[in-house]
Amino acid sequence: MGPTGVPLMGELRKNHFTRHLKSCWNVIRRIRAKVNSLHETLVDYYKEVLQSLRIGLVFC
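1125 is the number of the first residue of the sequence shown in the working numbering; add one for each residue after it.
Hints are computed from structural coordinates only; laboratory data are not their basis.
Beta carbons are placed, not taken as given, at the ideal position from N, Cα and C, and that holds for glycine.
It is possible that part of the hints are untrue.
The following label-pair restraints were derived from C-beta to C-beta distances [stated by the list, open to error]:
hint, residue 1, residue 2, range
1, I1179, C1148, 44 to 50 Å
2, S1147, Y1170, 42 to 48 Å
3, I1152, Q1175, 49 to 55 Å
4, V1173, K1138, 32 to 38 Å
5, V1151, L1177, 53 to 59 Å
6, R1178, L1145, 28 to 34 Å
7, R1137, H1163, 50 to 56 Å
8, G1134, N1160, 35 to 41 Å
9, H1144, L1181, 32 to 38 Å
10, Y1169, C1148, 27 to 33 Å
11, H1140, L1174, 36 to 42 Å
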């Protein structure tokens, strides 16, 4: 803070950078969560497909 209680230019830049960095990390966290969710969905789907193939092979 400056003598008048107004933030100095460097502090404003630092605060802007910090907010921007936090925003970027939030986006990265959301993307990771979606990728993990998609991965789990695909794993479940392929487990079902493999199970169906096993059942189909039993009846061949």
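Against the structure, the hints:
1. I1179 x C1148: 44 to 50 Å: holds (47 Å)
2. S1147 x Y1170: 42 to 48 Å: violated (35 Å)
3. I1152 x Q1175: 49 to 55 Å: violated (35 Å)
4. V1173 x K1138: 32 to 38 Å: violated (52 Å)
5. V1151 x L1177: 53 to 59 Å: Violated: the Cβ-Cβ distance is about 39 Å, outside 53 to 59 Å.
6. R1178 x L1145: 28 to 34 Å: At roughly 49 Å between Cβ atoms, L1145 and R1178 fall outside 28 to 34 Å, so the hint is violated.
7. R1137 x H1163: 50 to 56 Å: About 39 Å separates the Cβ atoms of R1137 and H1163, which means 50 to 56 Å is violated.
8. G1134 x N1160: 35 to 41 Å: Check passed, 38 Å falls within 35 to 41 Å.
9. H1144 x L1181: 32 to 38 Å: violated (55 Å)
10. Y1169 x C1148: 27 to 33 Å: holds (32 Å)
11. H1140 x L1174: 36 to 42 Å: Cβ of H1140 to Cβ of L1174: about 51 Å, so the range 36 to 42 Å is violated.
In the structure shown, a violation is registered for the earlier hints numbered 2, 3, 4, 5, 6, 7, 9 and 11, in ascending order.
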